[in-house]
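Using my numbering, the first residue of the sequence shown is number 33, and each one after it goes up by one.
Among the hints, a few may not be true.
In silico DSS-like links for lysine-lysine, alpha-carbon gap of 30 Å or less [what the hints assert, rightly or not]: (1) Lys97 x Lys212; (2) Lys58 x Lys253; (3) Lys101 x Lys253; (4) Lys207 x Lys152.
Here are the in silico distance ranges between beta carbons for each label pair [stated by the list, open to error]: (5) Val166 x Asn93: 39 to 45 Å; (6) Arg102 x Ser242: 35 to 41 Å; (7) Thr186 x Tyr50: 34 to 40 Å.
These aren't lab readings, by the way, just hints derived from the structure by calculation. Note that the structure is predicted; figures quoted are calculated from it, not measured. All C-beta atoms in this analysis are idealised placements derived from N, C-alpha and C, irrespective of residue type, glycine included.
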Amino acid sequence: MKPRSLAIIALFVAAIIYGVTFTIAKEVMNIHIKPFGFIFLRVGGAMLVFWILGLFITGENPIEKSDYKRIVLAAFFGVGLNMLAFFKGLSYTTPISASVIMVTTPILVLIFSSIIIREKIPNFRIIGVIIGLVGAILLIMYGHASEDDASNRTLGNILVFINAASYAMYLVLVKKLIVKYHPIIFVKWLYLAGFLFVFPFGISEFLEVSWQEMPIDIYVKAGFVVLFTTCITYLFNLFAL
33 MKPRSLAIIA
43 LFVAAIIYGV
53 TFTIAKEVMN
63 IHIKPFGFIF
73 LRVGGAMLVF
83 WILGLFITGE
93 NPIEKSDYKR
103 IVLAAFFGVG
113 LNMLAFFKGL
123 SYTTPISASV
133 IMVTTPILVL
143 IFSSIIIREK
153 IPNFRIIGVI
163 IGLVGAILLI
173 MYGHASEDDA
183 SNRTLGNILV
193 FINAASYAMY
203 LVLVKKLIVK
213 YHPIIFVKWL
223 YLAGFLFVFP
233 FGISEFLEVS
243 WQEMPIDIYV
253 KAGFVVLFTT
263 CITYLFNLFA
273 L
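All chains, full assembly: derive it from the sequences and hints.
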């Protein structure tokens with residue numbers, strides 16, 4: 033199978049996992065774990081997984097000192113700001129609104145690529161970018177949601193859009209880095225830096241969790257977010273790039 037076909041399959045699987053996550057994460061955060069506490073669990077758990085996997089990777093190029101600053105910047109956008117904004121926003125809005133807003137990520141990647149790495153956007157794509165952004169703004173400001181599903185729809189939608197923009201920036205920043213290093217080597221340092229960003233925001237909410245009172249299905253759903261939504265999708269997206 034051609035690399036392009038494999039990349040498309042990887043992105044498709046990642047998209048399915050992300051789609052399921054909107055509902056799963058909302059269910060976990062409704063009662064059992066507050067948003068920032070959930071992010072602490074998600075990033076900390078993924079960091080441990082990647083560092084354990086890194087023990088089995090040998091003979092690969094170590095991270096160059098000049099690239100650590102770029103990795104820290106990528107961790108801020110791709111782990112810290114991205115995840116904190118997403119889970120906090122999802123706690124305020126509906127899974128459907130959040131999933132629709134996230135469709136703007138490819139549009140924002142095009143915009144940031146043209147600004148940061150000077151990639152030219154064809155004219156027909158510029159029209160699509162404008163239409164997509166207008167649609168996102170309309171949804172953020174006027175998207176309908178029942179009060180049962182969304183406690184603060186507009187704020188939640190804005191935070192989810194910030195998440196989409198942050199993740200798009202991350203994808204642009206790592207484009208040149210991922211060709212230099214093994215994915216596991218790169219992502220373990222990415223998540224170590226990301227964990228330092230989310231630690232001060234999530235530690236207090238994480239310590240508030242009543243683990244003994246949590247149902248088994250919530251443990252399973254939280255584990256899904258750590259292993260699949262975080263570890264698998266991040267590796268699949270890096271592979272696709």
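The hints, checked one at a time:
{"no.": "1", "hint": "Lys97 x Lys212", "result": "holds (13 Å)"}
{"no.": "2", "hint": "Lys58 x Lys253", "result": "holds (10 Å)"}
{"no.": "3", "hint": "Lys101 x Lys253", "result": "violated (34 Å)"}
{"no.": "4", "hint": "Lys207 x Lys152", "result": "holds (16 Å)"}
{"no.": "5", "hint": "Val166 x Asn93: 39 to 45 Å", "result": "holds (44 Å)"}
{"no.": "6", "hint": "Arg102 x Ser242: 35 to 41 Å", "result": "holds (40 Å)"}
{"no.": "7", "hint": "Thr186 x Tyr50: 34 to 40 Å", "result": "violated (23 Å)"}
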